[in-house]
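Sequences and hints are given; from them, build the entire structure.
Here the working numbering is used: position 69 in the sequence shown is 69, and no number is missing along the way.
These are calculated hints, taken from the structure and not from any lab test. Hints are supplied without guarantee of correctness; some may be wrong.
Label pairs and their calculated CB-CB ranges [to be verified]:
hint, residue 1, residue 2, range
1, THR30, LYS2, 38 to 46 angstroms
2, ASN32, GLU57, 15 to 23 angstroms
3, SER27, LYS2, 44 to 52 angstroms
4, SER50, GLN4, 39 to 47 angstroms
5, THR61, SER27, 20 to 28 angstroms
6, SER31, LYS6, 31 to 39 angstroms
Just so it is clear, CB atoms sit at the ideal spot from N, CA and C, and this is done for glycine as well.
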Amino acid sequence: MKLQPKTTDLPPAHEVIVEMVRCQCKSNCTSNRCSCKRKNLPNTDPCLCSTNCDNDEDTLTKNRDSDDDSDG
Numbered sequence: 001m002k003l004q005p006k007t008t009d010l011p012p013a014h015e016v017i018v019e020m021v022r023c024q025c026k027s028n029c030t031s032n033r034c035s036c037k038r039k040n041l042p043n044t045d046p047c048l049c050s051t052n053c054d055n056d057e058d059t060l061t062k063n064r065d066s067d068d069d070s071d072g
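Below you can see the structure in the form of structure tokens.
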């Protein structure tokens, strides 16, 4: 049996779970003091960090892409 991915508009996890992992940083989440960054997760809406957060999904994707490029 071949597995096929299915796209959905549903959130990746129940809201209660997402709210369990949220930071309360007063800075831009660049160090591992940020609970989200420490777990290699992007900041989410429940996070209470500043609007200049450097741990959003776009930043994580760029970092992963540059790590993949340097492996080669």
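Violated constraints from the hint list, given by number and in increasing order: Going through the list in order, the structure violates no hint and respects every one.
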